[in-house]
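Visitor: Listed below, chain by chain, are the residues.
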Amino acid sequence: MSNDVDLSLLDPILKKYQSQEGALITMLQEIQAVYGYLSEVVLTHLSREVKVPLSQIYGVVTFYAQFYLTPRGRNIIRVCRGTACHVRGGSRILEAVEREVGITEGETTPDLEYSLETVACIGACALAPTMVINEKTYGKLTPKKVMESLSRKDRKEREVE
Amino acid sequence: MSEEKAAVSTSGMRVVIVCQGTGCVSSESPEIREALEKGIEQQGIGDTVQVKLSGCHGYCEQGPIVIIEPEGVFYCRVTREDVPEIIECHLKNKKPVERLFYRDPGTGEAVACYNDIAFYAKQQRVILRNCGHINPEMIDDYLAVGGYEALRKALLGMTPEEVIEEVKRSGLRGRGGAGFSTGVKWEFCHNSPGPDKYMICNGDEGDPGAFMDRSILEADPHSVIEGMIIAAYAIGSGEGYIYVRAEYPLAVKRLRLALKQAEEHGCIGERILGTDFNFWVHIMEGAGAFVCGEETALLASIEGKRGMPRPRPPFPAQSGLWGKPTTINNVKSLATIPVIISRGADWYSSIGTEKSKGTAVFALTGTIANSGLIEVPMGATLHQIIYDIGGGILRGKAFKAVQIGGPSGGCLPESALDLPIDFDSLSGAGAMMGSGGMVVMDETTCMVDTARYFLSFTQNESCGKCTPCRLGTKRMLEILTRITEGKGVEGDIELLVELAEEVKDSSLCGLGQTAPNPVLTTIKYFRDEYEEHIRNHRCPAGVCKALIAYYIDPGECQACMICLRQCPVEAIEGGKNLIHVIDQDKCTKCGTCLSVCPPRFNAVRVISGEPVPSPPSATERKITRARGEGR
Ligand SMILES: Cc1cc2nc3c(=O)[nH]c(=O)nc-3n(C[C@H](O)[C@H](O)[C@H](O)COP(=O)(O)O)c2cc1C
Ligand code: FES
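Chains as they are written, first to last, in the working numbering: chain G, 1 to 161; chain D, 162 to 792.
Be careful, since some hints might not be right.
Stated by the list, open to error - For lysine-lysine, the following DSS-like pairs were computed, each having C-alpha atoms within a straight-line distance of at most 25 Å:
| id | chain 1 | residue 1 | chain 2 | residue 2 |
| --- | --- | --- | --- | --- |
| 1 | G | K16 | G | K51 |
| 2 | D | K414 | G | K144 |
| 3 | D | K414 | G | K16 |
| 4 | D | K635 | D | K685 |
To be verified - Some chain D residues judged to face chain G by a derived CB distance under 8 Å, without partners named:
| id | residue |
| --- | --- |
| 5 | T526 |
| 6 | A530 |
| 7 | M602 |
What the hints assert, rightly or not - If you anchor each label on the Cβ, the simulated ranges turn out as follows:
| id | chain 1 | residue 1 | chain 2 | residue 2 | range |
| --- | --- | --- | --- | --- | --- |
| 8 | D | A559 | G | K140 | 35 to 41 Å |
| 9 | G | S47 | D | H443 | 20 to 26 Å |
| 10 | D | R264 | G | K15 | 38 to 44 Å |
| 11 | D | L632 | G | Y37 | 28 to 34 Å |
| 12 | D | T628 | G | K140 | 39 to 45 Å |
| 13 | G | K140 | D | G557 | 15 to 21 Å |
| 14 | D | G557 | G | E148 | 25 to 31 Å |
| 15 | G | E107 | D | P777 | 54 to 60 Å |
| 16 | D | E575 | G | Y58 | 46 to 52 Å |
| 17 | G | K140 | D | W483 | 34 to 40 Å |
| 18 | G | H45 | D | E195 | 15 to 21 Å |
| 19 | D | E575 | G | K140 | 34 to 40 Å |
| 20 | G | Y58 | D | D357 | 28 to 34 Å |
These aren't lab readings, by the way, just hints derived from the structure by calculation.
We treat Cβ as the ideally placed atom computed from N, Cα and C, and that holds for glycine.
Let the hints inform the model, and build the full structure from the sequences given.
Guide: What follows is the structure, given as structure tokens:
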């Protein structure tokens, strides 16, 4: 798989930040926006081009929660684990989601359909407990509502396919 | 309606303001806005009515919110179906739709204007002055309420020293948590030698359960930018950064737009307002690390490194970004600056308490009736905030604690409700102003679980650089976890306190120094709850899973099948006219049965610290009903 990575997509980003000291994080953000995640091939190439040791880049990538070293699912589920949501039963929502999609926090389904993440407050605390699927926010959740929004039936069908 | 507000509604036009804050957006406000725009066009009243978007009004509980100016009519919980009626009755026939008014939960009375709603009437909005009233995407709206006047006053009429003196005199203390005097901080940086200095706005807002900085950036970005330019002028900086948390894409979008507009207006860039002062601003998006809110970690992050704090001194004011003198201020601190310059230090310092001037913004959440963003003068009591503005506890439950200041703060009990809050009184009580998260907890919140929750957050976010924080929080978390699992032993509480003091005293940065606060305050005020967990394996609030069981009271169960159908793991057995029983081995304790059992039956019990009663026999489980008796 690594062979068919189109490294030329990196060129505009490399060019844009060529001379800028400390642009590493911004570059990584833009690179991730292009490829969806940060693969070894891409990071190795970046390291050579910007003359920053790969170990240092790896250190930065693994420090920040928003960088991913593996591909992510087509649908990103983010369950809020903020305080307001916790107080209103957020941990039960996370459990319900885990049960429904069959993966735990930080994982991606093998068919790359879903990735499950937690986030500290999405700023809709009045609607706690909350989760976000892709761009859409779901509020005032109950385990039952979670099951409806992630219809198990729907998933079963996909598994059969 | 004040002169200012009228100015916003451009020359006698009616303005329909639809909130596009995060809360309202998630309950369909974009669709409502679209329907309004379409409907107004169809009715041909577009030349007298204008639809505008605004940022968060703060009263997210009541969203989606639609406000009609200049009357100030406040419609809440609006749906798309309500739009035709608003257009027909209010906009065309000038008869407000009473059905959509806010209803005072106490009196049941319908309240037409937001100024009369208790939630707003009891607040004093200085930092949030424009939030919800102006369109954050239009600089003209900001200019109409006096925007960039303060910048003009500072640049054209004051020396940097005079600006610093004014801010010092105002008594403004940083709203990022520590409460350091903003004027003194600026003076420090101003006096540091060197031609290149940096001005940074800290919009990292990491507190999990607080969203005030986000709301301000989304609802009133120009105020923050204006404050930042004035600060840059005062310290002598030509370049600045706004560091925004990764999860805030809308804030980033509005900031970019606002920066572009400010530049077009000659407020940013070269020769600002015709003077020889130049200032450029960059936006840096965070990449998801709580510790980056700490100023030295934030600097490392802007430099493209891992966001690890370093010891101070040297302070950023001496050696900050790229080793140059740097000032870092919070979003709220900066948003306050324009008002201080415009209205003067004396006006500002007349608000608040002796040592904490001005107002405080809180994200009021948890099990409270009115969740939302609120602002009160320093010195207001918790009681005023929670009951007068917040409307009390949800569903008539009993108040237990209020958590202030997020992972760095503490949990205060009922006895603290009359405490006038400011920076010093909160630290005195073991909590902290922190970022301004205020989470209200009722009798169904377990304080040991709460302490564990916050510590698991800080432990997870600890950058790992210093040992006390990296390992100390880990050991503390292990102890707390075993207590919540019923495996606590005598001496655990004392051990926690000892470790907590150690971690507080010896950690490198504020993260570790404050991480034990939630633990220490819950032990201080709710020690009996810890003891119940340890000695009697009982969770009084019915939260800690290992210590509770759900049980259906056979005397109350009406065999309605609701819980049976909704149980996600099919752990409930029963049938029509057959009293339901929970299979304790299958039960995952998700609490669904408790939440779905109709209140008129109220048959599900949470049992803790005692054995689950054995289920009734087969014959006892049969319900025989007289004919005609409903289920
Ligand atoms: C762990 C940690 C997290 C912090 N997070 C924030 C934050 O999200 N926003 C903020 O403005 N300050 C935060 N601070 C405080 C900053 O270090 C700094 O004091 C503040 O930005 C200064 O601005 P002020 O003087 O206007 O308050 C944090 C501090 C620590 C120790
Ligand atoms: S705590 Fe979940 S949205 Fe704020």
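Visitor: All the hints need checking, so say for each whether the structure fits it.
Guide: Now the hints, each set against the structure:
Proposed proximity of K16 (chain G) and K51 (chain G) is supported: the alpha carbons are some 16 Å apart, at most 25 Å. The suggested pairing of K414 (chain D) with K144 (chain G) is violated, with an alpha-carbon distance near 35 Å, which exceeds 25 Å. Taken as a hint, the K414 (chain D) and K16 (chain G) pair is honoured in the structure, with Cα atoms around 20 Å apart against an allowance of 25 Å. For the hint pairing K635 (chain D) with K685 (chain D), the CA-to-CA distance comes to about 21 Å; that is within 25 Å, so the pair holds.
At a threshold of 8 Å, the smallest CB-CB gap from T526 (chain D) to chain G is about 4 Å, leaving the interface hint in force. With its C-beta approaching chain G no nearer than about 11 Å, A530 (chain D) sits outside the 8 Å limit, and its interface hint is violated. With a cut of 8 Å, the hint placing M602 (chain D) at the interface with chain G holds, because the nearest CB-to-CB distance is about 6 Å. Our hint of 35 to 41 Å for A559 (chain D) and K140 (chain G) is violated, since their Cβ atoms are close to 22 Å apart.
At about 24 Å, the beta-carbon gap between S47 (chain G) and H443 (chain D) stays in the expected band of 20 to 26 Å. Taken as a hint, the range 38 to 44 Å is violated for the pair R264 (chain D) and K15 (chain G), whose Cβ atoms sit roughly 59 Å apart. Judged by the Cβ atoms, the range 28 to 34 Å given for L632 (chain D) and Y37 (chain G) holds: they are separated by roughly 32 Å. For the pair T628 (chain D) and K140 (chain G), the supplied restraint of 39 to 45 Å holds, since their beta-carbon distance comes to about 43 Å.
As the Cβ distance of K140 (chain G) to G557 (chain D) is approximately 18 Å, the hint placing it in 15 to 21 Å holds. The hint said 25 to 31 Å for the Cβ distance between G557 (chain D) and E148 (chain G), and at roughly 29 Å that hint holds. Roughly 42 Å separates the CB atoms of E107 (chain G) and P777 (chain D), a value that falls outside the hinted 54 to 60 Å. Checked against the hint of 46 to 52 Å, the C-beta distance between E575 (chain D) and Y58 (chain G) comes to roughly 50 Å, which is consistent with it.
Range check, K140 (chain G) to W483 (chain D): Cβ separation about 47 Å, and the 34 to 40 Å hint is violated. Between H45 (chain G) and E195 (chain D) the beta carbons are some 44 Å apart, a value that contradicts the proposed interval 15 to 21 Å. A beta carbon spacing of about 27 Å between E575 (chain D) and K140 (chain G) contradicts the range 34 to 40 Å that was offered as a hint. Y58 (chain G) and D357 (chain D) have their C-beta atoms about 31 Å apart, which keeps the hinted 28 to 34 Å range intact.
The earlier numbered hints that this structure contradicts are 2, 6, 8, 10, 15, 17, 18, 19.
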